[in-house]
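Chain by chain, the residues run as shown.
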Amino acid sequence: MRLVEFSINRPKLVVFLTIIVTLLFAIQFPKIRIDTDPENMLKADEPIRVFHKNVKKEFGIEEMIVLGIAREDGIFHKDSLERIKRISDGILRIKGVIADDVMSLTVTNNVVGMDGTLNVRPPMVDVPETDAEIERLRKEVLDHPLFKDRIVSSDGKGSSIYVPIESKDIAHEIGEKIKVLYKKENGPERYYLAGLPIAEDTFGSEMFVQMGLTAPMAGVLLMIVFFIIFRRISFVVPPMMVAMLSVAWTMGGLIGSGFTVHIMSSMIPVFLMPIAICETVHILSDFYEKLPQVNDRKKAILAVFDELVKPLFFAPITTAVGFADLALADIPPVKVFGIFIAIGIVIAWFLSMTFLPALLMLIKEKRPIVKEETGSKVLGWIGRFSLGKSMAVVLTGAILLAISAYGITTLKVNDNPVKWFKSHHPIRVADRELNKLIGGTYISYLVLESEAEDEIKKPEVMGYMEALQKHLETNPIVGKTTSIVDVVKRVNYVLHDEDQRSQILPKDQNTTGQYLFLFLMSSSPDELDHFVDYTYQKANIWVQLKSGDNRDMTAVVEDVENYIKGNPLPDGIKVQWSGLPFLNITWQKLMVNGMLKATIGTWWVVFLLMVLQFRSIWWGIVGMLPLVFAVVFSYGLIGFIGKEYDMPIAVCSTLALGLGDDFAIHFISRFRQRFRETKELKQAMELTMGGEPALAIFRNALVVGLGFFPMVMATLTPYVTVGLFFGALAFFSGVTTLIFLPALIGSFKKVLLKI
Amino acid sequence: MIRTLFLIGAFLFLGFSKICSAQEGFSAQEVIAKSRLAFFYAANDMRVKISMELINQNGHKRVRELTMLRKDYEDGGEQKYFMYFHKPADVKDTTFMVYKYPDKDDDRWLFIPAIDLVKRIAANDKFSSFVGSDFTYEDVSGRKPEEDTHHLLRKEVLNDNNCFVIESIPRGKAEYTKRISWMDENNFLPLKEEFYDKQNELYRQFEAQEVKEINGIMTITKRVMRNLKTGHRTEVVFQEVEYNSGITDDIFSERYLRKAPMEWVK
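Residue numbers (the working numbering), protein chains in the order written: chain H, 1 to 755; chain S, 756 to 1021.
The shape of chain H in the complex, shown without the other chains:
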């Protein structure tokens, strides 16, 4: 209260100080560091992440970009092959590309027998000149399991170049350089650039754009909605200012304290804005109701804060504590997200107590204030209706709740970083086309580990891998598998004059050892590193998936588990998955369970706070209901429309906290205030529903629901999801607060009001 008094007495000073502080935070912005690696959803020391790192180190595996080159009538034309050659040569020269490990027609070694001579060399060192030579090249690669469906599509219509890069965060940059290379070519070929690293890194670059574009767009639309609802500039500017400043301070603080802006923290502004706006709308609604009565700005402000000080304090604090509780989650970006939203809410509360009243003092208004009539009439009617038919309304609510709960059970948990782009985005298109063309751009690794050196060369181990690969390739999601087994079989085949019957594994370990030795005689020392470790203690099966959906990867993992149950592993051998798709399902599990646990934990905290605040368990329960309803309805709806439960949706559940919480606390505390004054249910409800409190809640729901609609136009689906979800949440929170709360209070008046 003293804060408010100080601010209205020295408004200019307060505004000036606010600007200074804002500048201090604003100068932090250039330090921004973006982190788009979903891997960072896991802690750095999470076992699966450590294993993935080891696998990468052990098998010399880097993150891969895949470039597909396709031509309708086939790539086996001289000009197309020349282009492939030029482009691969160009790629090898790009800095950041690990040239030694690039895979393409021109650099990946093949083992062939020619005129009795064994030859280890790439199929296309030089572009073939004659049709006969081209035909020979075609036969050579399509005949070879290490090339077919991997480097060349089985119908000969496409070829791909796998480009390993030094780190994931240069994927987008390297992708742009590759684009320059193929844009120089004017042929009939089409080009597709795909791969998880490029999707993730491109997401990062676009995130910048979205943050810079969508957030202000949402801001502008919010202002328009505000203006349409309140029809006065003085009602538009203050809430917007408070929201913007809260965001600026919070993000400045986040960046300034050295945190990276992750996919999650990039959404902080979008989450914070509605929460900040809600508070100011309560204050302004009350202010413009009181102003005509007292006709003095200072007195009106004091009266407003006198009435609102409790809900204005409890609503944000409860929400802030709820968000801060996310810090207990095991997911680092979620912690940062929770803590900084909590900080942002406190900042917004502080600004509403200082900057906002100061601003209200400085605004000069000439137009007389007109009382909002229609809205209040409708709301008053709704209040009377739900109070009158309270049992029916409560029953309807309960039935809807049950139906929605059923909807939730139909939710499909799935995520895929590639699907964070809209379906017509070049990355999605490339992903679809390329996965039609080759064995799959999503590369997982199945690692076999033994206890001693040279174990992998044992015939029973090699045989097991062969059978496992064969089984995996029957799975429709798996496009292609490759391993050391394919290399050994290939050498055997070539040494036996390409007799089809010799496309098999040798029967003893020495022969396998000598074949591998022979292969390594003629290729670089790390040629086999992607398949075996240095001492032949571990082997790595490359499993290329046609889909990056976590659900599909999960199915493949289960498939392998079942296979191993039916076909026990050789003695001393263990298997373990690795690779980005597997990491993604791991963090998805953590995310789904983690967010669920965190959210439930948060709800308990919020519930306890409400009980304390209302000094009543029953009121606490009633206060929680809008939250519960909003979330259950929203998720039920998602389940029914068949949208998949992905990361953005998981994050959204926390927003219900911010909105539902605010609506309920304001409604209940101000209803009880009026009930204390009137001692009469109907009259108190009429004052609440037909007066300013319900109107403010209604306005908030409208502003939040509509204001974030432009996010639907974003090119990145997480933003679209958030935009839509905001609408749903605002709608459901508003509806439950304004329709069900009166009915609930009516139905349970004996326990709640002791009458």
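Careful, some of the hints might be misleading.
As the list claims (entries may be wrong) - Straight-line distance between alpha carbons at most 25 angstroms, and here's what the computed DMTMM-like set of lysine to aspartate or glutamate pairs gives:
| # | chain 1 | residue 1 | chain 2 | residue 2 |
| --- | --- | --- | --- | --- |
| 1 | H | K95 | S | E949 |
| 2 | H | K85 | S | E956 |
| 3 | H | K184 | H | D35 |
| 4 | S | K953 | H | E173 |
| 5 | H | K95 | S | E808 |
Calculated from the structure, these hints are not laboratory results. Computed from a predicted model, the values in this text were never measured in an experiment.
With chain H held as given, fit chain S onto it using these hints.
Same frame as chain H, but now just chain S:
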């Protein structure tokens, strides 16, 4: 007068540039040519037991142990190599033979004991890895001086040895885009070499770690080739080096490939 001055000037200029390009009477091209003979064509034949350790970036090792026989037919010209592998255990008795011709592709044969098969192996280029190490065939058997343009960069002392530092840029197709070599002024052995790749970054580095005089011939007995990009390296130690022991021509034949001459390779 002016003419005289001009002539003197021209003379001085020519003399100066001669000093620049040919220290101590050798042009960069000559240093490279001499180095090739000293390094790859020492004596008329050589027998050596080689232990080779292939070490990856994680420090894991693969060991190759072999006996190599080499016979020269002409200095700077044709050579034959015979290799018998003692280790790793599962490749014991594998033999490998190379006929090297300076002007055309090598002939290479490998004997695979497990299936009792001699197979000719194609030699597409001289840049491919030598028995899976970081050394290429060229690193092991040399490259014709005419294939690069050489340029003396400077003279430098490297580990107490006076060296010519020579830059070589390939004229045609090559595995590197630039090579810089430190050649010992006294014996012309390469003490260090740096190879630059297509991205114009240093990616391979050769270093002679031990030089010994054997039968009057300066011989590099320990050497390492590092791949700086992959972190992989190959360490090579020469033991039991013998020169001019009269290795006969018939050793380099398919018969001995199948049944190694134990008196030579033991």
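Now for the hints, and whether the structure bears them out:
1. H:K95 - S:E949: holds (19 angstroms)
2. H:K85 - S:E956: Distance ~22 angstroms between K85 (chain H) and E956 (chain S) Cα, so the pair holds.
3. H:K184 - H:D35: At roughly 32 angstroms apart (the allowed maximum being 25 angstroms), D35 (chain H) and K184 (chain H) break the hint.
4. S:K953 - H:E173: Holds. K953 (chain S) to E173 (chain H) sits at ~19 angstroms (cutoff 25 angstroms).
5. H:K95 - S:E808: Answer violated: K95 (chain H) to E808 (chain S) is near 30 angstroms, above 25 angstroms.
Hints 3 and 5, counting from the list given before, are not met by this structure.
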